[in-house]
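Asks: What follows is the residue order along each chain.
Protein chains: 2
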Amino acid sequence: MPTIVVEVMPKAELLDPQGKAVAGALARIGKDGFSSVRIGKRFEITVDGPVTDAVRAEVEAIANDILSNSVIEDVVGIHYETPAGETH
Amino acid sequence: MPTIVVEVMPKAELLDPQGKAVAGALARIGKDGFSSVRIGKRFEITVDGPVTDAVRAEVEAIANDILSNSVIEDVVGIHYETPAGETH
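Which chain is which? The protein sequence lines are A and B, in order. Here the working numbering is used: the first residue of the first sequence is 494, the next is one more, and so on. Here the working numbering is used: the first residue of the second sequence is 494, the next is one more, and so on.
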């Protein structure tokens, strides 16, 4: 069954305390070539049937209305993976 | 500055209560074409300089050792985005 991947990140202008904590940890262990780390969510949605245009539109609405909070987050990507693992 | 995206998902054989909750919510509001939802993390790491092979190797080690817990999670993708936004 095909899988759709939805990627959600906190809005750029927002403080990301978790990301800052990871960036600080990297610097403390001597990995200092990295200026920032931001952490978001990755959803894998398995679709029962074929990925039609209607399914795409529905996933887009789900991504914006349910999987992300538009006040503090942005949907930064929606990718359609075929069972063979190709992404487009 | 270039951005590296690291994607981490819970291992397939593990129960994903958050994912199940979202899948249940989708079914309850009548969006029933989706058999499962799984939720993972998406890291955006900003690199100070160019993305050399050494930086790639270091990010791979960071992804496996720090950004994911190898007992319950898998690193499912590491993507290198140039400032122009192309991903490879």
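Fair warning: there could be bad hints in the mix.
Pairs involving identical chains hold if they fit within one copy or between any two copies, as the list cannot separate such chains.
Each computed DMTMM-like pair below joins lysine to aspartate or glutamate, with the alpha-carbon atoms no more than 25 Å apart [said to hold, decoys possible]:
(1) Lys524 x Glu574
(2) Lys513 x Asp525
(3) Lys513 x Glu553
(4) Lys513 x Asp541
(5) Lys504 x Asp546
(6) Lys524 x Glu553
(7) Lys524 x Asp509
In short, the hints are calculated from the structure, not lab data.
Asks: Can you list which hints this structure breaks, lowest number first?
Replies: Number 5 only.
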